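Q: Sequence:
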Amino acid sequence: MPLLHSNSRYLAPFTLPSFILSSPYLSTLFPIAMGSTIGFSVSPPLNPHQSAAQYHSLRRPPLHPPAWAFGPVWTTLYGIMGYASHRVYAIGLNSLSTAVRDSATKGTTLYGMSLVLNFIWMPLFFRLNLPRLALADILLLSANVAAVTVSYFKVDHLAGYLMMPYMAWLGFATYLCAGVGYLNGWDVSGVRRKTK
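The opening residue of the sequence shown carries number 413 in the working numbering; numbering runs sequentially from there.
Among these hints, one or two may not hold up.
Have a look at the derived ranges for each label pair, beta carbon to beta carbon [as the list claims (entries may be wrong)]: (1) ALA465 to TYR573: 15 to 25 Å; (2) ARG471 to TYR437: 16 to 26 Å; (3) VAL562 to MET446: 31 to 41 Å; (4) THR449 to MET576: 18 to 28 Å; (5) SER453 to LEU570: 45 to 55 Å; (6) ASN506 to TRP598: 21 to 31 Å; (7) HIS569 to TRP598: 32 to 42 Å; (8) TYR573 to VAL485: 28 to 38 Å; (9) ASN506 to SER453: 31 to 41 Å; (10) PRO436 to SER469: 21 to 31 Å; (11) ALA445 to ALA580: 34 to 44 Å; (12) SER453 to PRO477: 20 to 30 Å; (13) ALA479 to THR510: 44 to 54 Å.
It should be emphasised that the hints constitute simulated quantities derived from the structure, not laboratory data. Computed from a predicted model, the values in this text were never measured in an experiment. C-beta atoms are modelled at their ideal positions from N, C-alpha and C, and glycine is treated no differently.
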C-alpha cells in the first residue's frame with residue numbers, strides 16, 4: 413500500500429519510492445550513495461583533491477572546519493536522516509490515526525524535497541560558482557528540514573530527535589556559506605589567496 417493516496421495534497425514526485433522507505437537499509441544507504449555520487453561528480457575528473465584546494469583557497473569565516481571533515485559529517489548525517497525517514501514511513505503507514513498517517517505523508521514528501529535541495533547545493537556552490545544562489549538554497553533547505561522535523565515528531569519522537577543534528581549542522585553550514593560568499597565578494601570561481 414503506497415503512503416501517498418491519489419487524493420493527497422502532497423507532491424508524489426518528491427516522495428522516495430516505498431521500496432526505499434520501507435527498508436531500513438535502503439533508506440539509510442540511499443542518501444549516502446546519492447550525496448557521495450554528487451560530491452564526487454562535482455570534483456574535477458582525475459583530481460578529487462581540487463575541491464579541497466578550492467575550499468582552502470577561499471577566504472573562510474572563523475570556526476571553519478578542515479576540508480576533510482565534510483565527508484564524514486555528511487555521510488553520518490545522510491545515514492541518520494535516512495533511517496529517520498524509514499521510521500516515519502514504517503510507523504506512519506501502520507498507524508490507526510489519520511493524523512499520524514497525514515504527518516508521515518507530509519514528512520516523507522518534505523524529506524524528498526529536502527534531498528533535492530541538499531543535493532543541488534554543492535553543484536551550485538562549487539561547480540557553477542553561484543554562492544548567492546547556494547545561500548538561498550540552504551536557507552530554503554533549513555526551513556524545509558525544520559518542517560520535516562516537526563512532521564517527524566508528530567509520528568515518532570526518535571525520528572524527530574534524529575533530525576536535530578542535521579538541523580544544527582545546517583545552521584553551521586549556512587553560516588559557512590554566507591561567510592565564504594561575503595568574504596570572497598560573492599565570487600568563488602577563481603583560486604585566490606586568503607587574507608591574513
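Q: All hints, please: hold or fail.
A: Cross-check of the supplied hints:
no. : hint                         : verdict
1   : ALA465 to TYR573: 15 to 25 Å : violated, 37 Å
2   : ARG471 to TYR437: 16 to 26 Å : violated, 41 Å
3   : VAL562 to MET446: 31 to 41 Å : violated, 24 Å
4   : THR449 to MET576: 18 to 28 Å : holds, 26 Å
5   : SER453 to LEU570: 45 to 55 Å : violated, 33 Å
6   : ASN506 to TRP598: 21 to 31 Å : violated, 48 Å
7   : HIS569 to TRP598: 32 to 42 Å : holds, 41 Å
8   : TYR573 to VAL485: 28 to 38 Å : violated, 18 Å
9   : ASN506 to SER453: 31 to 41 Å : holds, 37 Å
10  : PRO436 to SER469: 21 to 31 Å : violated, 40 Å
11  : ALA445 to ALA580: 34 to 44 Å : violated, 24 Å
12  : SER453 to PRO477: 20 to 30 Å : holds, 22 Å
13  : ALA479 to THR510: 44 to 54 Å : holds, 47 Å
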